[in-house]
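S.K.: Sequences are here, hints too, so could you generate the full structure?
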Amino acid sequence: MTIVESFLPSVANATGQLSADFSLAGTVDRAALEGYLTIDGVAASIPSLGIRLRDMNADLLAARDTLRIRRFSVVSGDASRDSLWMSGWAARLPDGGAGFDVSIGAREFEVIANRRVAELSLSGGLRLDGTLDRSRLSGGVTLNQGVIVIPEFTEKKLISLDDPELYNVVDTTVFANRALLPKPPPDLLRNLSVDNVRIEMGSDVRVRSAEADIKLGGAVNVTVGARRGATAPQLALDGALQTERGYYRLDLGGLVQRTFTVEGGELRFLNETDLNPILNISALHTVRQISSTYGGRNDVRIRVLVQGTLIQPRLRSRAPTPCSSRSRTSSPTSSPVCPRSASVEGWQRTGSARRRSR
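With the first letter of the sequence shown counted as 1, position 51 gets the number 51 in my numbering; the numbers rise by one all the way through.
Source of the hints: derived by calculation from the structure; they are not laboratory data.
Source: prediction; values computed, not measured.
Virtual Cβ for every residue (Gly too), placed ideally from N, Cα, C.
Keep in mind that the hints are not guaranteed to be accurate.
Across the chosen pairs, the derived CB separations fall in these ranges [said to hold, decoys possible]: (1) Phe-7 x Glu-244: 36 to 46 angstroms; (2) Gln-145 x Glu-34: 36 to 46 angstroms; (3) Arg-190 x Arg-116: 25 to 35 angstroms; (4) Val-287 x Met-86: 51 to 61 angstroms; (5) Leu-37 x Tyr-247: 44 to 54 angstroms.
M.R.: Structure follows, in structure tokens:
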């Protein structure tokens, strides 16, 4: 299998049996491809994705300018049923163009296991049919389970509401290795119609970092877009995923940690070809305490907003919510007022003071 690795630099440690016999005959303008390719029990690693493909079996037949996929299957994942399969054909048309009808199915197939980017498995089915001048993509995919990695926050302190740096969150230099979807030939995408193809979140798909663990729900649409700085079209995502539950842990000067419970929010893709949606997530921490001055509970609720993008997330604080009714003072002519409030910035100052006093 050394010859396979020489033709496919992304493949490593390939083992198994491959046999092929092809012939190309005719004129430059009209050549005919004949032959076959069989693969039995092949295994190979793709280091960039962190996966090991195994039990790859295929039977391809070329005859009369038509290549038929009579059999193709491969396993990736812990179980033998975590597989992907393919069938269909591709042909050279009399006018010199190309026609095709290819279907792909998957069942809990592990597509990436790179701990720096994502660990995901998927199920579903897709069909691509038509010609290079007019093609159609249909079907749908479900991400069964997995993790999408968030880098650590670029700034540990919270950013005030009026700080212009809050909106300066996109660094184009980090996009190079975050391409999200496969890259079909540009000629195919220019004339591709995407027929209501959606990617749905399964029962346990999360975004995670050293500070956060947030479960995702919902679905996004597959579209055709253009990557930043590129002219050729690419497959892209559009829509919003909901943040259903989870937590964010704020480290206050290395001395105190506060855990915020995710209330809600979204990850919004704006025709994105990269794994870099816009974040808008609200999280809450409640300080539970007793007030001897006012009697009863004097709980203080602190909220933070996780915003920015997935690659460059940013934090910002939101004003504390009103205290519980028993701890508020009021008069007939005024609104209830919390006798005590707090902010994350205040916590951070306290943490810094404690650190200096040690």
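S.K.: Among all the numbered hints in the text so far, which are the ones the structure does not match?
M.R.: Hints that this structure does not satisfy do not exist here, as all of them hold.
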